[in-house]
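Protein sequence lines correspond, in order, to chains A and B.
Following the numbering used here, the numbering of the first sequence begins with 1 at its first residue and continues without gaps.
Following the numbering used here, the numbering of the second sequence begins with 1001 at its first residue and continues without gaps.
Because the hints were derived from the structure by calculation, they are not lab data.
A portion of the hints provided could be inaccurate.
Claimed, not checked - Here are a few chain A residues that face chain B, going by a calculated C-beta distance under 7 Å:
| id | residue |
| --- | --- |
| 1 | Val77 |
| 2 | Ile78 |
| 3 | Thr80 |
| 4 | Ser164 |
| 5 | Gln170 |
| 6 | Gly179 |
| 7 | Gly181 |
| 8 | Gly240 |
Stated by the list, open to error - What the simulated footprint calls covered on chain A by chain B, stretch by stretch (three residues with Cβ under 8 Å from a Cβ of chain B suffice, anywhere in the stretch; the number is not a length):
| id | region |
| --- | --- |
| 9 | 184-195 |
| 10 | 241-248 |
Where a beta carbon is used, it is the ideal one built from N, C-alpha and C, also for glycine.
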Amino acid sequence: MKKALLVFSGLLVATTMFGAEVKDQRTLAMSTPGPDTYADGTSVLVGETYLLVYVKQGQVFGGVYTDGSLVDPDNNVIATTGQAVEGAKCGYKAIQYSAATYPEGGAWVIVLLDTRKADGAIGGLVAAQGASAASGTASALSLGTVGGTAAAGGGLSAAGSTSSPEGTPQPEIASMQAGNGRVNLRIKNVSDKALYQVQSATSLNDGWQTVASRVQVSAQTLVQGESGAELPAAVEVPAGDTVRFFKVIAQ
Amino acid sequence: MKKGWITFAVVAAAGLVHAAMDPVEGTNVVGFVEIPATAAKNTIVAVPFEACMQAGVASKLSDLVATYGLTHASDPGSADQLVVLTTDATGPIYYYYYNQTGVGWTPITTEQLMPDGTKKELTPPAASTFDIARGQGFWIKRTAGAGSSVYVKGQVSTAKQSTTIGEGLNLISYAGLTAFDLNDLDWAGAVGANGISATTDRILVSKGDGTYYTTYHYYTGGSKTQFNGKWVTTTGGIALPAADIPAGQGFWYYRRSGNGTFTFKPDGE
């Protein structure tokens, strides 16, 4: 009994001592087994962005806006980011953090962002997103991981929509040039935090279809027009069209 | 002691829950309409659009009429032209523009022969500053060459058309976006009679080359009650128009002297 008590108290001391040194620090690693995909089914491109998001206890992950900011910053926190590596997966990244910063009881999610621009290159605004299932906070004595395992099956898919941030102004088509199977629009009242779509129809009543997407403001795209800064958007029109209408929407 | 163990409570969540914000709709819709304009012929056109970003505002000629597919040249005589009937202090006048190579719609200075025998130079304003209201008609004068249509474009209006029609000849149209039947429009204010009359307003629709026209009279109060309040032809018998007028095509409205001015509101009040 005495021996058991000694062993037990020793273990407690050891735990206490170990806990006293690292009780404020937690560690976990983020990665995904892949292959992760975009909504169109294609594999995530090397360099694509992942977020590691802490979700406060009792809350859920609210998503991100097109500019990458959190929809619910009061209850979600972006702790760090990761990048896609060969194999269409989130590259392994280990972090450590203070327990006070991200208390136990909350949860972690990995969020895959689709930042592909209209030309297919990554690094633009967030057009779509996908999040892993939330997993619990690691404890002082554990090595946490976030992102799922290969055994769980299925990769992460950026199939969820994003929205433009609050306060995005209503866009307006400033001018239009037509000819040679192509229509060139100029859009005014644009934001560099929003993604724009051009929709087209042959009737004002219905049949609107997206003919250009992921149109976004950048130093390369914005031009000076008669009424100030304007965002060009060019769309093809079917040969033989006798009438067609266009409107623009901020996603 | 329990604290020392790994605790992973895997939450079977969908992974993403948020109240999606509605997309932000743009404030306007723009479009284009292709109007038949046969090469080597003259066509009356009228633009059904208004200026971009300016609801209810007339558009500039250069913004309204695309030069795509039209013949351009360095000299006016070899290029397609636009001819606009407007008014100045002296009365009705014609402004001419040609599709100048590399430039677009360019004013042509014309010589106005005055009643007193003098001549006056008439230079139109730049096409980029000249207003064309919705429903206002003008000519496209095409040279021989390829292409059989002209594109007009601009902002789709949400307002109803309201066009002033004065005594004499008015070059106008219904600023709709689809082909229309003359008798589907509201013609309150038109003056008619039961047949051909010196007081009857008339509509003249080109038969295709701007030289020959189908003439319609406004029939009212006649024994053929099925035609009352209708535009009819009277050649060989009273009849309704045989075909719709294509979107973007204009016509002459001849308001008889003495009938005064009225406001054409084809979509009603």
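We went through each hint and held it up to the structure:
The interface hint given for A/Val77 is broken, as the beta carbon of that residue sits about 15 Å from the closest beta carbon of chain B, more than 7 Å. With 7 Å as the threshold, the beta carbon of A/Ile78 stays out of range of chain B, its nearest partner Cβ sitting at about 15 Å, so the hint is violated. About 18 Å separates the beta-carbon of A/Thr80 from the nearest beta-carbon of chain B, more than 7 Å, and the hint is not met. With a cut of 7 Å, the hint placing A/Ser164 at the interface with chain B holds, because the nearest CB-to-CB distance is about 6 Å.
Satisfaction of the interface hint for A/Gln170 is found here, the shortest Cβ-Cβ separation to chain B being roughly 5 Å, below the 7 Å cut-off. About 3 Å separates the beta-carbon of A/Gly179 from the nearest beta-carbon of chain B, less than 7 Å, and the hint is met. A least Cβ separation of about 10 Å between A/Gly181 and chain B goes past the 7 Å threshold, and the interface hint is therefore violated. With 7 Å as the threshold, the beta carbon of A/Gly240 stays out of range of chain B, its nearest partner Cβ sitting at about 9 Å, so the hint is violated.
Residue count for the region 184-195 of chain A with a Cβ under 8 Å from a Cβ of chain B: 5. That meets the three needed, and the coverage hint holds. Under a criterion of three residues with beta carbons nearer than 8 Å to beta carbons of chain B, the stated coverage of the region 241-248 of chain A is upheld, 8 such residues being counted.
In this structure, the hints that do not hold are numbers 1, 2, 3, 7, 8, in rising order.
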